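Residue numbers (our numbering), protein chains in the order written: chain W, 651 to 876; chain P, -13 to 83.
Derived by calculation from the structure, the hints in this document are not laboratory data. Note that the structure is predicted; figures quoted are calculated from it, not measured. Glycine included, each C-beta is placed from N, C-alpha and C at the ideal position. The reader is advised that the hints may include incorrect statements.
Which stretches of chain W does chain P cover? Using the computed rule of at least three CB atoms under 8 Å from a CB of chain P, they are [claimed, not checked]:
| no. | stretch |
| --- | --- |
| 1 | 653 to 667 |
| 2 | 709 to 716 |
| 3 | 843 to 853 |
With a straight-line Cα cutoff of 30 Å, these simulated DSS-like cross-link-like pairs (lysine-lysine) come out [stated by the list, open to error]:
| no. | chain 1 | residue 1 | chain 2 | residue 2 |
| --- | --- | --- | --- | --- |
| 4 | W | K692 | P | K74 |
| 5 | P | K33 | W | K815 |
| 6 | W | K709 | P | K74 |
| 7 | P | K23 | W | K815 |
| 8 | W | K850 | W | K680 |
| 9 | W | K709 | W | K782 |
| 10 | W | K687 | P | K23 |
| 11 | W | K692 | W | K867 |
| 12 | P | K33 | W | K709 |
| 13 | W | K824 | W | K680 |
| 14 | P | K74 | W | K867 |
| 15 | W | K867 | W | K687 |
| 16 | W | K692 | W | K680 |
| 17 | P | K33 | W | K824 |
| 18 | W | K824 | P | K74 |
| 19 | W | K782 | W | K680 |
| 20 | W | K850 | P | K74 |
| 21 | W | K867 | W | K778 |
Now the in silico label distances, taken between C-beta atoms and shown as ranges [what the hints assert, rightly or not]:
| no. | chain 1 | residue 1 | chain 2 | residue 2 | range |
| --- | --- | --- | --- | --- | --- |
| 22 | W | V835 | P | A82 | 43 to 51 Å |
| 23 | P | G68 | W | K824 | 44 to 52 Å |
| 24 | P | M(-13) | W | K778 | 25 to 33 Å |
| 25 | P | R83 | W | Y851 | 25 to 33 Å |
| 26 | P | V4 | W | I671 | 35 to 43 Å |
| 27 | P | L0 | W | I671 | 36 to 44 Å |
| 28 | P | V3 | W | K680 | 38 to 46 Å |
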Amino acid sequence: MHIMEGFLPSPWWYLWFIFTIPVLAYGLTKMRVLVEKNPDIKVLLALAGAFTFVLSALKMPSVTGSCSHPTGTGLAVVLFGPAITAVLASIVLLFQALLLAHGGLTTWGANVASMGIVGPFIGYAVWKLTSKMSTRVRVFLAAAVADLATYVVTSLQLALAFPAKEGGVLASFKIFASIFAVTQVPLAITEGIVTVIVFKYILELKRDVLVELGLLKKSAAGGARA
Amino acid sequence: MRLSIAAFLLMLLLPFVVFAEKEAEPWSGADALAEQKIVEITGGEYKPWFSPIWEPPSGEIETFLFSLQAAAGAVVIGYFVGYFRGIKEGMRRAEAR
Chain W
651 MHIMEGFLPS
661 PWWYLWFIFT
671 IPVLAYGLTK
681 MRVLVEKNPD
691 IKVLLALAGA
701 FTFVLSALKM
711 PSVTGSCSHP
721 TGTGLAVVLF
731 GPAITAVLAS
741 IVLLFQALLL
751 AHGGLTTWGA
761 NVASMGIVGP
771 FIGYAVWKLT
781 SKMSTRVRVF
791 LAAAVADLAT
801 YVVTSLQLAL
811 AFPAKEGGVL
821 ASFKIFASIF
831 AVTQVPLAIT
841 EGIVTVIVFK
851 YILELKRDVL
861 VELGLLKKSA
871 AGGARA
Chain P
-13 MRLSIAAFLL
-3 MLLLPFVVFA
7 EKEAEPWSGA
17 DALAEQKIVE
27 ITGGEYKPWF
37 SPIWEPPSGE
47 IETFLFSLQA
57 AAGAVVIGYF
67 VGYFRGIKEG
77 MRRAEAR
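With these hints in hand, go ahead and build the complete structure from the sequences.
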């Protein structure tokens, strides 16, 4: 669930824009370079974007008795890293802000920062740090952590903008995290599972592109065949 | 694969098993709850300074647009997975010949 339209006061809404815009610019450049190098990557980009589209449209019930939706950024971040993920997430968030009144234009910067940049970046760090584990476990962890971290960041963004009269930012953070982050735990696990399923298909069918992206070594099992 | 799908279904059902109706409005969106909390924290002072330029005119239309979003994404995923699988199958048959 994103921060609603108009719900970030000055200066927070534009500070998050200032944070987000350079990352998007960098992500776009990186994307262009990748696509020029190998048109096959364009297909994977479309796939990762579509995955984010599907997952962030599904509002699912959680154990807290409220509903929220996964982010679907785990696949993109494992394949392309956080900067390109930011571009894909920004498109989804724009679509939802314009057509669904979900999230908002004034809070777009903050929502791209949480769902597109910081959340995926933390997921990416997990992906990098777990390089000794099996690919399946790594994909699961990266996707689940990116999802959960997104909502921890959302809680922090709201806490910074709305510190409690008693206890300040920390007290507010606890309140917002109890809504967003706790609700998100089971959804993050679900997102991890779904991402593993889709990643397995890509691994089976497009191993050569994964090798090119530097995700797999050529010597890995089946590499010679691909 | 089978295990993944079973785990996925289990996660979908889990909330209904664990959660006993405690709240006035169960299964509402987490963002609506956050909105309430903002009102509480600021003592009702905060008024959103910008509203959506267009809102789906009804809950049904909103559901329709969300479904459309999911369906559009699923079409792209299904198309490419099928396309790649077709290429692989075609190569296999050409080799077998």
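Status of the hints after comparison with the structure:
no.: 1; hint: 653 to 667; in the structure: holds (count 6)
no.: 2; hint: 709 to 716; in the structure: holds (count 8)
no.: 3; hint: 843 to 853; in the structure: holds (count 7)
no.: 4; hint: W:K692 <-> P:K74; in the structure: 19 Å, holds
no.: 5; hint: P:K33 <-> W:K815; in the structure: 17 Å, holds
no.: 6; hint: W:K709 <-> P:K74; in the structure: 35 Å, violated
no.: 7; hint: P:K23 <-> W:K815; in the structure: 13 Å, holds
no.: 8; hint: W:K850 <-> W:K680; in the structure: 25 Å, holds
no.: 9; hint: W:K709 <-> W:K782; in the structure: 34 Å, violated
no.: 10; hint: W:K687 <-> P:K23; in the structure: 49 Å, violated
no.: 11; hint: W:K692 <-> W:K867; in the structure: 21 Å, holds
no.: 12; hint: P:K33 <-> W:K709; in the structure: 26 Å, holds
no.: 13; hint: W:K824 <-> W:K680; in the structure: 37 Å, violated
no.: 14; hint: P:K74 <-> W:K867; in the structure: 21 Å, holds
no.: 15; hint: W:K867 <-> W:K687; in the structure: 19 Å, holds
no.: 16; hint: W:K692 <-> W:K680; in the structure: 12 Å, holds
no.: 17; hint: P:K33 <-> W:K824; in the structure: 22 Å, holds
no.: 18; hint: W:K824 <-> P:K74; in the structure: 51 Å, violated
no.: 19; hint: W:K782 <-> W:K680; in the structure: 27 Å, holds
no.: 20; hint: W:K850 <-> P:K74; in the structure: 15 Å, holds
no.: 21; hint: W:K867 <-> W:K778; in the structure: 15 Å, holds
no.: 22; hint: W:V835 <-> P:A82: 43 to 51 Å; in the structure: 49 Å, holds
no.: 23; hint: P:G68 <-> W:K824: 44 to 52 Å; in the structure: 47 Å, holds
no.: 24; hint: P:M(-13) <-> W:K778: 25 to 33 Å; in the structure: 26 Å, holds
no.: 25; hint: P:R83 <-> W:Y851: 25 to 33 Å; in the structure: 26 Å, holds
no.: 26; hint: P:V4 <-> W:I671: 35 to 43 Å; in the structure: 41 Å, holds
no.: 27; hint: P:L0 <-> W:I671: 36 to 44 Å; in the structure: 39 Å, holds
no.: 28; hint: P:V3 <-> W:K680: 38 to 46 Å; in the structure: 44 Å, holds
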